[in-house]
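Asker: Residue numbers (my numbering), protein chains in the order written: chain A, 81 to 401; chain B, 618 to 803; chain C, 519 to 625; chain D, -5 to 402.
I should point out that these hints are in silico values taken from the structure, not numbers from a laboratory. All C-beta atoms in this analysis are idealised placements derived from N, C-alpha and C, irrespective of residue type, glycine included. Be aware that a few hints might be false.
[As the list claims (entries may be wrong)] A short, non-exhaustive set of chain D residues, derived as facing chain B with CB atoms under 10 angstroms:
1. Pro33
2. Asn123
3. Glu282
4. Asp285
[What the hints assert, rightly or not] Reference listing, derived: stretches of chain D covered by chain C, where coverage requires no fewer than 3 residues with Cβ under 8 angstroms from a Cβ of chain C:
5. 100 to 108
6. 205 to 213
7. 224 to 234
Each chain, letter by letter, is given below.
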Amino acid sequence: MSKPVAKKKAFRLLTQIPREELFAPGHGLCAGCTAGTIVRHLLKVAGKNTILVNATGCVEVSTSPYPYTSWKIPWLHLAFENASAAASGVEAAIKVLQRKGVIDPNKKINIIVLGGDGGTYDIGFQSLSGMLERGHNVMYVLYDNEAYMNTGIQRSGSTPQYAWTTTTPAGKVWRGERRPKKPIADIIAAHRIPYVATANPAYPLDMLNKFKRGLEVEGPSFVHVIQPCPTGWRFDPRYGIKVARLATETGMWINWELDHGEFDVTVPVARRKHVRHYLRMQGRFRHLTDEEIEEIQKWVDQEVERINKLVGRQVIGPVEE
Amino acid sequence: MRYEIRWHGRGGQGAVTAAMILANAAIYEGKYAQAFPEFGAERRGAPVRAYTKVSDKPIHSRSPILNPDIVVVLDPSLPKELYLEGLKENGLLLVNTKKTPEELKKSLGIDGKYTIYTVDATKIALDILGLPIVNTAMVGALVRVLPIVSIDSVAKAILETFSGRVGEKNVEAVRAAYDAVVGSDL
Amino acid sequence: MAAKELPAWNELPAGAIIIEPGNSAERYTGDWRVFRPVIDQDKCIRCLLCWVYCPDSVFEIVDEPYVSSKGRKYKFTLKIDYYHCKGCGICVEECPVDAIDFVEEVK
Amino acid sequence: MAVTIQRAKVEWKRLPLSSNYAVAYAVKDLDVDVIAAYPITPQTTVVEKISEFIANGELNAEMIHVESEHSALSATIAASAAGARAFTATASQGLELMHEILHIASGLRLPVVMSVATRALSAPISIWNDYSDLMNTRDTSWITIIASTAQEVYDSVVQAFRIAEDPEVMLPVIVAYDGYIMSHTYEPVLVPENNEPILKYAPKNYNRIKLDPERPVTMGTLASPEWYYEFKYQQVAAMEKALEKAREADKVFAEYFGRGYGLVEEYMTSDADIILVAYGGLFGTIKEAIDMMRQNGVKVGGLRIRLWRPFPAEDVKNALKNAKLVVVIDKAISYGARIAGPVALEVMSAFYHDADKPSILSIIAGIGQRRITEETIKEIVDYSRKLLERGRIPNESLYWGVRGVRYE
Chain A
81 MSKPVAKKKA FRLLTQIPRE ELFAPGHGLC AGCTAGTIVR HLLKVAGKNT
131 ILVNATGCVE VSTSPYPYTS WKIPWLHLAF ENASAAASGV EAAIKVLQRK
181 GVIDPNKKIN IIVLGGDGGT YDIGFQSLSG MLERGHNVMY VLYDNEAYMN
231 TGIQRSGSTP QYAWTTTTPA GKVWRGERRP KKPIADIIAA HRIPYVATAN
281 PAYPLDMLNK FKRGLEVEGP SFVHVIQPCP TGWRFDPRYG IKVARLATET
331 GMWINWELDH GEFDVTVPVA RRKHVRHYLR MQGRFRHLTD EEIEEIQKWV
381 DQEVERINKL VGRQVIGPVE E
Chain B
618 MRYEIRWHGR GGQGAVTAAM ILANAAIYEG KYAQAFPEFG AERRGAPVRA
668 YTKVSDKPIH SRSPILNPDI VVVLDPSLPK ELYLEGLKEN GLLLVNTKKT
718 PEELKKSLGI DGKYTIYTVD ATKIALDILG LPIVNTAMVG ALVRVLPIVS
768 IDSVAKAILE TFSGRVGEKN VEAVRAAYDA VVGSDL
Chain C
519 MAAKELPAWN ELPAGAIIIE PGNSAERYTG DWRVFRPVID QDKCIRCLLC
569 WVYCPDSVFE IVDEPYVSSK GRKYKFTLKI DYYHCKGCGI CVEECPVDAI
619 DFVEEVK
Chain D
-5 MAVTIQRAKV EWKRLPLSSN YAVAYAVKDL DVDVIAAYPI TPQTTVVEKI
45 SEFIANGELN AEMIHVESEH SALSATIAAS AAGARAFTAT ASQGLELMHE
95 ILHIASGLRL PVVMSVATRA LSAPISIWND YSDLMNTRDT SWITIIASTA
145 QEVYDSVVQA FRIAEDPEVM LPVIVAYDGY IMSHTYEPVL VPENNEPILK
195 YAPKNYNRIK LDPERPVTMG TLASPEWYYE FKYQQVAAME KALEKAREAD
245 KVFAEYFGRG YGLVEEYMTS DADIILVAYG GLFGTIKEAI DMMRQNGVKV
295 GGLRIRLWRP FPAEDVKNAL KNAKLVVVID KAISYGARIA GPVALEVMSA
345 FYHDADKPSI LSIIAGIGQR RITEETIKEI VDYSRKLLER GRIPNESLYW
395 GVRGVRYE
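Isolated chain A (complex conformation) (with noise of 0.2 angstroms):
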């Protein structure tokens, strides 16, 4: 692959971000629901000529309620395993008929899935994969709320390790979910697509400067996003994005991206705050101890190590408090 022009990044103020809704209110996600804030901000870098696919999941149920749509691109929901597949379709159609004249070849049209965690990690990989395989020129963005929520919170393979959720009750046998986080984006990348990248609603300009560079690229491209949900999560929903921050805070979550092949972490964290931070502040982990957190605090130190020596240098500090 080879690397092209690095591109400055688009996005330096919030004012730059584009003042058009294309996502209009009135649609049904819960209060507080980040996905709502990463929906806007996704299309607000798309623009108009964007095409969207949705998989099943809590977003485009809340959003396309007969006779009520919150979308004002073209948008196209088919089932929850295939939103890559059709996009996959999507994409060829446009390329032919751009081809034969039947659309302005010269007009950029944006294809972009979208997809919840249970729509990716699980049902719809396959055809994820499939996707990015035949490298069909289309953005895939995951908004990752680490559970089934749409069903009302079943595990997902994004759940993290000790997370409840009503299959991963914690009781005397369980702890909650028994097995960590499924690395999707490091899966993803395997694949080998141009970009692939880690983001973060709480970091807004980080995020739109991903979702620009995603849709720049040619071929596939995938942008990861962690989406407090209050419902799932079990916090007050006016704490969202401060859950989201302190994710990064904690380095539970590292805003990286992979460009060619080029590994970077696009948000350093100095000083780290230890995790309890981060876990204390949402009910689907209250039945922790103090000993199982420091377990999480051990997981995360060493993924922090890993990062720092993929990068060749301390991005991610020490923790501090």
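Starting from the known structure of chain A, fit chains B, C and D onto it as the hints suggest.
Answerer: For chains B, C and D alone, kept in the frame of chain A given last:
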């Protein structure tokens, strides 16, 4: 008149292609024909059969051929019970072998009232194609003993199937086998 | 509430396709609110964070100049669309200068 | 609507094609824009041939080599949603894997066409022919044509796009035919030297509602109990319309190209005491069996169901009403039903409210490609005559040719 031909070979020898080439030749002549394989999951080496029906009138039936007018054997090592099954009385038997029809009849102990023809298609294929793939040669031999289509139509069918030099070589094999086939009435 | 007359099958577009983009804006979600965010225009520094973080795009950037009591001049003013605001409080929490009050709705 | 059309001046070439290849030629001549498919026996050579056409520049299309049939149909209908003319092909397990998306295709009213080389279902695995796969699509709101010759396969794919894309229909279409028995049989097929007349008969419509940034629409919405039923009723109405449009499409095709098939095909039915009802390639064998039986003075005829969905009940009744006995041969089983033949059930229900109706016998045969020859057909007719003489037609399906099952 409808002719029903059954082809016997082993997977990879091209019996199915032979059946198809004969049908295609008939279709190019404006005749009606069907060609189909014995539909199996067999792989290279396993005994396979294929069928061709040729007629002046439309062919509607999709039955497999149980009582062929002629049986064509691409591989002489196949058991005779396999290929003689259901062959019509007074039917024709065309075998790829070095033996003469009389020798073949004796060595295999064939007692039915069949008219037997033989051709050393393996030698022809080796000489001309450099490979022991006898299917096209056997089509050439067949249209000699049962002139239901012209040899030129067979050539056309082959050239439509195999392009370039491979096609030309196969046509050569067809013509050689056409001339080389042996039988009491030839 | 009287049942409103819904269209017959042959008056609907085929396949449940919605042809009016963004018409969910017609839906009233203001009644989800228990608390109401209220901007103190004088305290507001126009940093736009409320506008950025709002999941329901209820902050409108209005081209209305404003001069604060300390004499700071702003080219625009932020206003809240209470028809859609669900009262989640993210703006209240994220405002760096505590310029948004969260007051209980009186119903 | 009066349809007048002049006979097209078409130069035909007569090619030896299998039914699979006939599909590929039709796809090429229809200038299909997007093909998404996954290989499965016995459909595979359809996709191989289409790939050849694209590789050689004979067809300007995008081929998506998807990773499953589920994705094949998903990509196909999404391409259609984006405005392209789209096609896929499958069989058996692949069709089963697509099942969820079959409903979504019709529910979204996307006019895609799919060919199905019909095949039995696992387990145990069978790569051979019957119609179990197709019959499982019965209630998915796909228009379904079952062809009986390779020529009809070509012609039906052409008709299918015209019907599917008709603004008054907008439903997906399956063109089915016997796996192996037809999919792999070479026979003469007329195809045009150039595809202009084909595109004139089935013109593309790029102006339908689609995913277009200039006119954004939301497709694939959620419908609550107060909305859902009306959309399903739209499909009921569209299917009714499709019956009329399929008839018209065949009529225009016949006028234009000189070949027509009707929604059902009758063979020597006018004076027949016994009429055999069947579908697909089996009907050819039945026709020859009828010829043989007629020579022996047996008054037997045949009726082929060509359009399976929507079911042309009136055409079927008209063809069968004067028979003493109708024998429906089904190559699929609806397990647990006394009348286990899907088509037999349909024929029976067509007559249910009539005072005057023929006796109807349901036969299951050809399962997993169990051999059916002219001789088998004669045996079925002989047995049926015996039942008729006894005056007792069983109100349950007979499983013809199962070892260990005997009918006296």
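Asker: Next, verify each hint and record whether it holds.
Answerer: Quick rundown of the hints versus the structure:
no., hint, verdict
1, Pro33, "15 angstroms, violated"
2, Asn123, "8 angstroms, holds"
3, Glu282, "4 angstroms, holds"
4, Asp285, "9 angstroms, holds"
5, 100 to 108, "holds (count 4)"
6, 205 to 213, "holds (count 5)"
7, 224 to 234, "holds (count 6)"
Hint compliance for this structure: hint 1 alone is broken.
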